[in-house]
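Peer 1: So the protein lines, in turn, are chains A and B. In terms of the working numbering, the first sequence opens at residue 82 and continues consecutively. In terms of the working numbering, the second sequence opens at residue 82 and continues consecutively.
Each hint should be verified, as a subset may be incorrect.
Same chains, same names: a pair is fine if it fits in one copy or spans any two.
No farther apart than 16 Å at their CA atoms in a straight line, the calculated lysine to aspartate or glutamate pairs in the EDC-like style are these [unchecked claim]: (1) Lys-213 x Asp-131; (2) Lys-202 x Asp-182; (3) Lys-213 x Glu-128; (4) Lys-202 x Asp-131; (5) Lys-159 x Asp-131.
Just so you know, the hints here were simulated from the structure itself, not pulled from any lab data.
There are 2 protein chains.
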Amino acid sequence: MTDASCPYCNGPGGRLLWSDARCRVILIDDAPFAGLCRVVWNGHVRELTDLGEADRAHLFAVLAATERGVRDLLQPAKINLAALGTAMPHLHWHVIPLYPDDSHFPEPIWAAPQRAATPRKLPQDFPAVLGKVLAEKLGAAPAVA
Amino acid sequence: MTDASCPYCNGPGGRLLWSDARCRVILIDDAPFAGLCRVVWNGHVRELTDLGEADRAHLFAVLAATERGVRDLLQPAKINLAALGTAMPHLHWHVIPLYPDDSHFPEPIWAAPQRAATPRKLPQDFPAVLGKVLAEKLGAAPAVA
């Protein structure tokens, strides 16, 4: 099922790191929170519990593998996970690495900023390495060579 | 493992609806977003991926059952799910039912409000019924008679 007006139905929605037939992991390039990834269900599904049990388990395995990979590679102070999508109801999870000098820390990234943003550069090989880590853990080919 | 300064280690953290040895579901009474529940891991664990695979699967089953129960009982326009805990790193998930006349809709509840809050009353039997639904789905006894 797809929705012609939905950005997640009309393209990957970010830099594709890994995908299989059911879902994908993307990196939001140039996000104010460097390393922010999203786990996106490929079909235009509104809520987590619109998925059957096997699909939910798969999505959770991908979510956990993404959190693990982001933690191992970036060693953030905290991870935030969220499936919101109220304005864009296509099931996707934010995986957000946070650091004490982030603009919003320790508040959620949707709250008012606490200070000016700290520029932070990702390791250049982060997309390729995370894609490889996900492929090793989850099967299917990484999207980034 | 517990932390003496952590509110989730020193009490349920809200009205207890259901629990087993590993985790619990609480209702935040008088939350500005009526029906806001939290799925709280009983141990003082920081991140989802600090749990082993079986514990993660259990937590996800409880999270999905809670979302399903809240949807069935309250029929919100959208559910938001989030594990943040940056300021309070004891693993807990928000399960937030949202309606178009909510103060923040369609923005996340941590963002700036869009309008004045709409008072909304939960059905009086919501805590007891959700506790029963969770016990039927997950086993273990409901916490609310």
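Peer 1: Hint by hint, note whether the structure agrees.
Peer 2: Evaluation of the provided hints:
| no. | hint | result |
| --- | --- | --- |
| 1 | Lys-213 x Asp-131 | neither (30 Å within a copy, 21 Å between copies) |
| 2 | Lys-202 x Asp-182 | within (14 Å within a copy, 40 Å between copies) |
| 3 | Lys-213 x Glu-128 | neither (28 Å within a copy, 22 Å between copies) |
| 4 | Lys-202 x Asp-131 | neither (37 Å within a copy, 26 Å between copies) |
| 5 | Lys-159 x Asp-131 | between (29 Å within a copy, 12 Å between copies) |
In the structure shown, a violation is registered for the earlier hints numbered 1, 3, 4, in ascending order.
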